[in-house]
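2 protein chains.
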Amino acid sequence: MLPPSWLHTWPLARWLQSYQRHDALGDLLAGLVVAVMLIPQGMAYAFLAGLPPQMGLYAALFPLILYALLGSSRSMAVGPVAIASLMTGEALRHSGTDPSQWPLVAAQLALLVGVCLLGLRLLNAASIVNFISHSVIKGFTSAAALVIALNQLKYLLDIDLPRGDFFTLITALPNALPQSAGDAVLLSLLCLGLLWGMQNQLAPQLIRLGWPKLAAQTLARSGPLVLILASLVLLPFLWPQAQLAKVGAIPAGLPDWQFIVLDLGQIQALFPSALLIALVGYLESISVATALASQKRERIAPRQELLALGIANLGAAFTQAYPVAGGFGRSMVNHNSGARTTLASLLAAGVLALVVAFFTPWFADLPKVVLGAIVVMAVLPLIDISAIWQTWAFNRADALTLLASFLGVLFLGVELGILLGISLSIALLLKRSAQPHIAELGRVPNSEHFRNVQRHQVQTLTQAVFLRVDENLYFANTHYIEDKILDAVSTRPQLTDVVLVCSAVNFIDASALESLETLIERLAQAKVRLHLAEVKGPVSDQLAHSHLLTLLQQHQGQIFLSCYSAFCALQK
Amino acid sequence: MLPPSWLHTWPLARWLQSYQRHDALGDLLAGLVVAVMLIPQGMAYAFLAGLPPQMGLYAALFPLILYALLGSSRSMAVGPVAIASLMTGEALRHSGTDPSQWPLVAAQLALLVGVCLLGLRLLNAASIVNFISHSVIKGFTSAAALVIALNQLKYLLDIDLPRGDFFTLITALPNALPQSAGDAVLLSLLCLGLLWGMQNQLAPQLIRLGWPKLAAQTLARSGPLVLILASLVLLPFLWPQAQLAKVGAIPAGLPDWQFIVLDLGQIQALFPSALLIALVGYLESISVATALASQKRERIAPRQELLALGIANLGAAFTQAYPVAGGFGRSMVNHNSGARTTLASLLAAGVLALVVAFFTPWFADLPKVVLGAIVVMAVLPLIDISAIWQTWAFNRADALTLLASFLGVLFLGVELGILLGISLSIALLLKRSAQPHIAELGRVPNSEHFRNVQRHQVQTLTQAVFLRVDENLYFANTHYIEDKILDAVSTRPQLTDVVLVCSAVNFIDASALESLETLIERLAQAKVRLHLAEVKGPVSDQLAHSHLLTLLQQHQGQIFLSCYSAFCALQK
Chain A
1 MLPPSWLHTW PLARWLQSYQ RHDALGDLLA GLVVAVMLIP QGMAYAFLAG LPPQMGLYAA
61 LFPLILYALL GSSRSMAVGP VAIASLMTGE ALRHSGTDPS QWPLVAAQLA LLVGVCLLGL
121 RLLNAASIVN FISHSVIKGF TSAAALVIAL NQLKYLLDID LPRGDFFTLI TALPNALPQS
181 AGDAVLLSLL CLGLLWGMQN QLAPQLIRLG WPKLAAQTLA RSGPLVLILA SLVLLPFLWP
241 QAQLAKVGAI PAGLPDWQFI VLDLGQIQAL FPSALLIALV GYLESISVAT ALASQKRERI
301 APRQELLALG IANLGAAFTQ AYPVAGGFGR SMVNHNSGAR TTLASLLAAG VLALVVAFFT
361 PWFADLPKVV LGAIVVMAVL PLIDISAIWQ TWAFNRADAL TLLASFLGVL FLGVELGILL
421 GISLSIALLL KRSAQPHIAE LGRVPNSEHF RNVQRHQVQT LTQAVFLRVD ENLYFANTHY
481 IEDKILDAVS TRPQLTDVVL VCSAVNFIDA SALESLETLI ERLAQAKVRL HLAEVKGPVS
541 DQLAHSHLLT LLQQHQGQIF LSCYSAFCAL QK
Chain B
1 MLPPSWLHTW PLARWLQSYQ RHDALGDLLA GLVVAVMLIP QGMAYAFLAG LPPQMGLYAA
61 LFPLILYALL GSSRSMAVGP VAIASLMTGE ALRHSGTDPS QWPLVAAQLA LLVGVCLLGL
121 RLLNAASIVN FISHSVIKGF TSAAALVIAL NQLKYLLDID LPRGDFFTLI TALPNALPQS
181 AGDAVLLSLL CLGLLWGMQN QLAPQLIRLG WPKLAAQTLA RSGPLVLILA SLVLLPFLWP
241 QAQLAKVGAI PAGLPDWQFI VLDLGQIQAL FPSALLIALV GYLESISVAT ALASQKRERI
301 APRQELLALG IANLGAAFTQ AYPVAGGFGR SMVNHNSGAR TTLASLLAAG VLALVVAFFT
361 PWFADLPKVV LGAIVVMAVL PLIDISAIWQ TWAFNRADAL TLLASFLGVL FLGVELGILL
421 GISLSIALLL KRSAQPHIAE LGRVPNSEHF RNVQRHQVQT LTQAVFLRVD ENLYFANTHY
481 IEDKILDAVS TRPQLTDVVL VCSAVNFIDA SALESLETLI ERLAQAKVRL HLAEVKGPVS
541 DQLAHSHLLT LLQQHQGQIF LSCYSAFCAL QK
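Just so you know, the protein sequences line up as chains A and B, in that order. Last residue of the first sequence: 572 (full-length UniProt numbering), numbering continuous. Last residue of the second sequence: 572 (full-length UniProt numbering), numbering continuous.
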């Protein structure tokens, strides 16, 4: 038996302590379903990254096992995912290396992604992903999904399209479209129709016919498998003369162990991409894991996830694969198919290992159209343009960020698009707090409450003004606040007292402190006293370490506990 | 007579309307004093930038006139300044051009600085300089002054030192010091002693002897002039055999008009430096102008300053000069010598024009030691290391920013140092707001007030917890706040209600809105209701545009006006 401390830090051991027979049934079914999904998705995502199809299968093998052994999510399926594949493809194109070198460069990238994730764990810096706001995520996910879908057009229409970003693709389309191959287009429509029908129509119909819900849903989700089996088994008989591009020979056998060496130049070239893939991959994984865990009222351990995903990426690097993450689609399927623990993933990896070891030659005749259709159906739900309008109504800064991330990913690429979105969201945040809302307060008659004079019927004093700054006082807004206070003073000749209401001030920095000190002196020259009211505990602790209090006293300024006590004192 | 709208926008015309005889006397004296200061400083700052001495004189000529005609500060003296000269020198060294080309490149840089300033005016973006916090300014000013002083060692000791940054200078010192020339060292000590004595000791002594204060102070400030006259007139007689490096021949005559052409490559290379020189120059100018204006209870118009400084820099570019700004030292002298309007600057420019046109050959025999000593005495007061300790006591983030800016300027150069400081100040600000202070509140007995349970003796409820988040709710802190609330719930099994007190929340972004929606649903699964209290006007306007209110109602959550009404309702 393991010591208790191990159980605390090793999720799988904890789960297995209370493992029961019906858990095993759930894991078994989920494992099989995921294995079946992994085969076409793995190959398709490897194509998306510009890599040979077996690398997508390898990426689902050891990384899946390593995550299953270490991860804190019971049902997340780690492996090749759409957005990380797109980003890997972008990094490979920008690496300046020959495409024949890309399999090796992709593994180097996976190594650096793993190192970044483990580095974030060491630095306890998982929270850095919180700076990627929901608006940035929505914008870049929609755009990335659109680019991924466009990338599939070359398979769906059997046309020559360069591998690349949105701009490359749409400028090449007008010339390429007329070359569309009729057979491919026909099969594409059939595949998309079949997938759409099974995904959206089959389950309700089967349930109406009396099938058990789980069985109906499982069958409905097996669309990709049905499609692959049908196109491998039936297509040659039903449509032998079809002219279709095939996946081609895939080497059989498990991946070889490979040792990765990186020189300093390669590290410098790949590191920015690796860091961004690590952050985006971690963000996607933790979102999926948290969503699944909260359905079972469990919690995810972010540090454990960084460890598990980091090791999974190192595993990818050393087994001829490329960067991996926790995918949304397969994880949902795994969860809904009844996965109770990561044993489901271990089983999926086992099935996949058998396929990779012995049966890859079977897939040589698979039309590429089928893979393209599977990817398109997987990413279409991620495209959500309407989010811009919904966000606009609530907060324009968020809508601008979303739009900038979306257009940035389309026209500058995933990496620059995300960086643009992050920079813009931070810039807009700073801009807002640099020009804070300042309310003039008055007393709600016969009460101790003070409210904005523009929103409420309140009492004011002619010789004193109560100003509430709705923001922390810090370097970017000190000048603005100073100006507003001086403006208020210059427009009211009878004024002798200004009360700065600090109920919304959680923090004062050194710039703001100096600005307050200057303000006290400038107001004193105009025979106006500055007072503070409703200073919070942490802020007054801070002020105790400064000269402000002495300076206030020198100029007959006071610190009032509440607006009401200031009102009473100044009324006299 | 000018139409009134002109008077409003053209400061000089406004001042001249009420111009009187004693104004003219003040302007006359101040203009003469500033002209006298400009000669040695102009030459010395040009040397600092790695440019021929006449460029420093030219930089004080047309830019001074243009600012005098357009500026909104009565007494600011625009021209060559220490830090902009240091930054120009850095930009020239990094431009990759041959030193013989530097006079032209410096003029190109001035053109771009002018364009940046006018661009900031067009974009109404003067407030961007507010993001350079006081801590960054203090750190980089101290470090820049230190580098400037070290740069003068080659003149003070007559040694061979490479032109360059702190690291270059201190690594070259050990080899160079033993070559110090005895005559130069002796003269340096004499010059520094004379300057120090006149600056700090002369005025009090003269006043004690019965001199009028203004006359005593004016004489005390004429140290540089006395030093120059003495070394030109007396030195050849008193110490004819002294071996000293001389300024050398300076071409006589006013600067030629030159046309500046920039190709795209040069613009790209120089633009980052130009923007930073523009920002730092504007920041220095506006600080000086504001400080001087507030002594006379006047205001500075930031937009007018951007225009005036922009045009002054364009003037510098077209008249063989280099980037200019409003300098602290000369402006103080101008102000204290009695300048009433910018006519003082016009007079100073006139005197300087005479000197430049006819008398520059007189300065060929001026020892470089004298210029070095004048610069050292001008920048020494800017070095303030103790600011780090003072800031540390108040706010560690500011102290770290100050230290980083200081060390950054020393070891990475002025540009990177400032950028490092700005980035760090923003990063630390975001880090702080990403992990906000969250206080649990209780009721102050027999009152409507609620205070932190850890700081006060207050009443609490077992079934409800009042949490006040002391920060805006936005993307970087949503996860943290979510976690803290879920932690509070998971540790208190009797809890049925969570009240989020929003008195310090001035703003909710889209990420936080989604996080709140998720939180309501997660808490509902745990049979806990979420309520809001003390929501401010602007925030409740915002929430009216969202689904949050509907969702709250669905899960029996309420919005309470105050903590007290929530307390009364939940007590039952």
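Incorrect hints may appear among the rest.
What the hints assert, rightly or not - Part of the chain B face toward chain A, derived, beta carbon under 10 Å:
| hint | residue |
| --- | --- |
| 1 | Ile132 |
| 2 | Ala393 |
| 3 | Tyr480 |
Honestly, the hints are just simulated from the structure, not real lab data. Beta carbons: idealized from backbone N, C-alpha and C, even for Gly.
Status of the hints after comparison with the structure:
1. Interface hint status for Ile132 of chain B: upheld, as the beta-carbon distance to the closest one in chain A is roughly 8 Å, under 10 Å.
2. The restraint placing Ala393 of chain B at the interface with chain A holds, with a minimum CB-CB distance near 5 Å, inside the 10 Å limit.
3. A least Cβ separation of about 7 Å between Tyr480 of chain B and chain A falls short of the 10 Å threshold, and the interface hint therefore holds.
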